Amino acid sequence: MRRAVSVSGLVLAAVMALANSGCLAVAVGTAAAGGAVGYAYVRGNVSQDYRAGFNETWTATHTALLDLGLPVLAANNGQGEGSLESRTGDNDAIRVSVDTRPVTVPADGPLTRVSVRVGMVLGDRALSERLLAQVETRLASPPQAVPGPPQGTPVQAAVFPQTAAPPLTAPVTPAAATFPQTPPPPLAAPAQSWSAPTAR
Numbered sequence: 014m015r016r017a018v019s020v021s022g023l024v025l026a027a028v029m030a031l032a033n034s035g036c037l038a039v040a041v042g043t044a045a046a047g048g049a050v051g052y053a054y055v056r057g058n059v060s061q062d063y064r065a066g067f068n069e070t071w072t073a074t075h076t077a078l079l080d081l082g083l084p085v086l087a088a089n090n091g092q093g094e095g096s097l098e099s100r101t102g103d104n105d106a107i108r109v110s111v112d113t114r115p116v117t118v119p120a121d122g123p124l125t126r127v128s129v130r131v132g133m134v135l136g137d138r139a140l141s142e143r144l145l146a147q148v149e150t151r152l153a154s155p156p157q158a159v160p161g162p163p164q165g166t167p168v169q170a171a172v173f174p175q176t177a178a179p180p181l182t183a184p185v186t187p188a189a190a191t192f193p194q195t196p197p198p199p200l201a202a203p204a205q206s207w208s209a210p211t212a213r
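Our numbering puts the sequence shown at residues 14 to 213.
Be aware that one or more of the hints could be misleading.
Said to hold, decoys possible - Distance ranges between label pairs, derived from CB positions:
| no. | residue 1 | residue 2 | range |
| --- | --- | --- | --- |
| 1 | 117 | 69 | 18 to 24 angstroms |
| 2 | 122 | 87 | 28 to 34 angstroms |
| 3 | 118 | 139 | 30 to 36 angstroms |
| 4 | 133 | 84 | 14 to 20 angstroms |
| 5 | 146 | 122 | 18 to 24 angstroms |
It should be emphasised that the hints constitute simulated quantities derived from the structure, not laboratory data.
Keep in mind it's a predicted model, so treat the numbers as computed, not measured.
Where a beta carbon is used, it is the ideal one built from N, C-alpha and C, also for glycine.
Work out the full structure: start from the sequences and follow the hints.
Structure below.
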């Protein structure tokens, strides 16, 4: 009996140690999720795996931050991994990492993990889980396409109002210089030769 009590005490102590280190929450989250869904909480860091490619998850995470009014202060995107930095309204730092995870069965599709840490030590689990839920919402919603005209509707070219061309003006030529005209002087009568009459 005494031995059974001591074994139970050791099991209880081991469970408490796991709970304090955060590993118990990881185990519970992973078991409940079937390995791909569910939040894992480790020392202030909250993670979730998504059945989506890296680029798709990166875009959904970036948009989810903006959806919640959290500014994207820095974004580093590499080959299959990246990080985003933001701040809460009360100035706590937010660091989000996005990483491609290995998959055992390639036919299952890609797997990407998003991890959120709010603050430096304990984190903010409620805010982290809310952000991860918003990432999931973004991944679930189809991309918004711009609707085109209905089938069979003729597409008309844009019509712009035409303005009349300005009237052409006659070319300006300099006027010929005019001078006041004076009448020509009167013609003088032809001079007649006059000779004195001769006496006879």
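How the hints compare with the structure:
Range check, residue 117 to residue 69: about 21 angstroms between beta-carbon atoms, so the 18 to 24 angstroms window is met. Taken as a hint, the range 28 to 34 angstroms holds for the pair residue 122 and residue 87, whose Cβ atoms sit roughly 29 angstroms apart. Judged by the Cβ atoms, the range 30 to 36 angstroms given for residue 118 and residue 139 holds: they are separated by roughly 34 angstroms. Distance hint check: the CB atoms of residue 133 and residue 84 are about 19 angstroms apart, consistent with the given range 14 to 20 angstroms.
For the pair residue 146 and residue 122, the supplied restraint of 18 to 24 angstroms holds, since their beta-carbon distance comes to about 21 angstroms.
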